[in-house]
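Engineer: The listed protein sequences correspond, in order, to chains H and Z. Counting in numbering that gives the first Met the number 0, the first sequence runs from 0 upward without gaps. Counting in numbering that gives the first Met the number 0, the second sequence runs from 0 upward without gaps.
There's no promise every hint is true.
Unchecked claim - Each pair of labels, with its calculated beta carbon distance range:
1. H:Gly216 x Z:Thr44: 23 to 29 Å
2. H:Ser40 x Z:Val72: 40 to 46 Å
3. H:Ser52 x Z:Asp12: 31 to 37 Å
4. H:Glu86 x Z:Asn243: 44 to 50 Å
5. H:Leu249 x Z:Asn3: 41 to 47 Å
6. Z:Asp12 x H:Leu137: 41 to 47 Å
7. Z:Gly285 x H:Asn55: 24 to 30 Å
8. Z:Asn243 x H:Asn89: 46 to 52 Å
9. Z:Gln90 x H:Glu291: 45 to 51 Å
10. H:Pro59 x Z:Leu178: 21 to 27 Å
Since the hints were made in silico from the structure, they are not lab data. We put the beta carbon where it would ideally sit given N, CA and C, even for glycine.
Number of protein chains: 2
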Amino acid sequence: MSKNQSTLFLSFDDIKEIIHQVGIDQLMDDMIFDIESAFKSYDITKTTTPKRSGFNYEKPYVGLLEWMPLLKVEDEIMLKIVGYHPENPNQHNLPTILSSLTNYDINTGRLKSIMDGTFLTAMRTGAASAVATKYMALSDSKTLGLIGCGAQAITQLHALSRIYTFESVLVYDTDNETLNSFEERCKALDLEAKITKTSISSILEQSDIISTATSIGVGEGPLFNTFETKPWLHINAVGSDFPNKIELPLSFLKQSFVCPDYKEQAFIEGECQQLPENEIKEDIVGLINNIEKYKYIQQETTVFDSTGWALEDYISQKLIIKYAQKFELGNYVDVEYKPEDSKNPYHFLKVNKLAELS
Amino acid sequence: MSKNQSTLFLSFDDIKEIIHQVGIDQLMDDMIFDIESAFKSYDITKTTTPKRSGFNYEKPYVGLLEWMPLLKVEDEIMLKIVGYHPENPNQHNLPTILSSLTNYDINTGRLKSIMDGTFLTAMRTGAASAVATKYMALSDSKTLGLIGCGAQAITQLHALSRIYTFESVLVYDTDNETLNSFEERCKALDLEAKITKTSISSILEQSDIISTATSIGVGEGPLFNTFETKPWLHINAVGSDFPNKIELPLSFLKQSFVCPDYKEQAFIEGECQQLPENEIKEDIVGLINNIEKYKYIQQETTVFDSTGWALEDYISQKLIIKYAQKFELGNYVDVEYKPEDSKNPYHFLKVNKLAELS
């Protein structure tokens, strides 16, 4: 099977090798830069991202499996498969979010690559928050709050720390074990900031920037009802990604400039589902491309409604493929059957028979 | 990575080895049996198959890439990715249809397996026609017609030959090379029937059973307008799988008992898109489960509107996995990242650092 017709399979060991060569900070910087560039140059006539769809269920555990497609016109198609199973860490020692990424040649429909999407989802979600925060929060922000201290909180902290030098990180989680292990889990990042466990109300009061990344149940939100905050508080609302799953109270959204990653999706499953459409002035693409007009929002309370956009996954996939090619990583495997005679699925039978005769 | 958390990767070499061990005839018999059983026992409360969706485009070549999901309630999820690129054989020496199949554990969302779907699509499409034909055509049918002699025609002939002993196979294709190579391509099947190249009108006149599997263009159908046929002619209309892509004339559908594989899909992209919903009495599940009531249709002209149902793919996937496990084939690979600490995507960084110290 020649390289140009087979499938590049990148295991997580390959991604680890990329990180070993490039460094985790540089990879995050690349991802932030590439996602910001993709937001800036986004053109709906060249890149199509239909709303994701999927299956959700209550049994045997609460769960959701979705497919997130992206069409790069006359170029390629990406498909992300992503599962959200909040019982995974406790029941199966697996991440809440498991994912894989594939892409397809638009000339032939052939599968070009398959790779992990679990790690990349965590990274790109952090990177997307970093991009949005750069435009929506004050540049001298010193205090970060994290509500929800699971896997996504690590990359929120990492990505935001690439843009801001935090003095203090205030953290909260409903699960004591998750809360207590957070500082230990962050050690590999070598950050200077002091990490302090505290209450949601203290986080709201003291933070310049907050990321919420919780597994709050459908219909059980918001995470808080009353709040006192700094007048310029920016929140990255990361956890809301399902109908009736919300993290922030309507009253906070009403007083704030709310910017979704991807409007159509956010009205169905983001914080934006609480708001009438006419209250959303811009999505992240509109905001970034009209930054002079919206400079004032850095002084006000703001929300980045991050539902997770296939464009971010596409960018992270491309970045990994670029490095895999640079370092000659991965294996070329034969997933789809490609008979020598394209009109004969049983071609190999003939070959077998000839082999038997010889 | 332990077997129970990693992904079973089956290359086409593994599928070939299954065929080597089981035999292509036995595998087709299994597939026919399993698909018939699945149709018989189909329960919409236990198996959900949303309509497929996808991207279609005209450039650089006419093409379509679709995802076909299936949920087996409280059990697993299958996803078929399938591309349809009719220029593939001539432009790229690749099959028109390229496909891969994956399935996911419903407990955790983890990717359980990945395998070829190209070969299996061809086989299951043949098997589905065989099942439908058994119920819709006369049991002593002797003459088979094939309009369109590409990859799908091979498995139509193979599958139908497992149910019927044909004396004569009449074939037609618009492409002379495809037509002329057909007999050679069928040799591995060791069939007794005489294969004769002829016109569409002769095929219509003389056949007891016809399968149409063409790449006729959108808006360019039907394949014929006038027809004289045996009063009991049964047609498997395999090629119609896209809005405005049709193979059969409305007048033939109007006089015939038309049975789709999957109604909702057939009204959008099958022959059924030409008919009002109330003219469809039964789908294949209804037909098979009320066979006494519909015995009479074997004497009439009938059409199996085969758009390709995810249920058939799921059955073929399960069959291959069963044999792969029996013969201990395939490799367990690590697609999704599963950190030892499920709440720390950067867990490996810590491990790396400890390794560097030692």
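Engineer: Against each hint, give a clear statement of whether it holds in the structure.
Structural biologist: Hints, verified against the model:
Gly216 (chain H) and Thr44 (chain Z) have their C-beta atoms about 25 Å apart, which keeps the hinted 23 to 29 Å range intact. Range check, Ser40 (chain H) to Val72 (chain Z): about 43 Å between beta-carbon atoms, so the 40 to 46 Å window is met. Restraint check, Ser52 (chain H) to Asp12 (chain Z): a C-beta distance of roughly 34 Å satisfies the suggested window 31 to 37 Å. Evaluation of the 44 to 50 Å hint for Glu86 (chain H) and Asn243 (chain Z) yields a pass: the beta carbon distance comes to about 45 Å.
Between Leu249 (chain H) and Asn3 (chain Z) the C-beta distance comes to about 44 Å, which sits within the given range of 41 to 47 Å. Between Asp12 (chain Z) and Leu137 (chain H), the C-beta spacing of about 59 Å breaks the proposed range 41 to 47 Å. Gly285 (chain Z) and Asn55 (chain H) have their C-beta atoms about 29 Å apart, which keeps the hinted 24 to 30 Å range intact. At roughly 51 Å, the beta-carbon separation of Asn243 (chain Z) and Asn89 (chain H) lies within the given 46 to 52 Å, and the hint holds.
Between Gln90 (chain Z) and Glu291 (chain H), the C-beta spacing of about 48 Å keeps the proposed range 45 to 51 Å intact. Hint check: Pro59 (chain H) to Leu178 (chain Z), Cβ distance near 53 Å, so the stated range 21 to 27 Å is violated.
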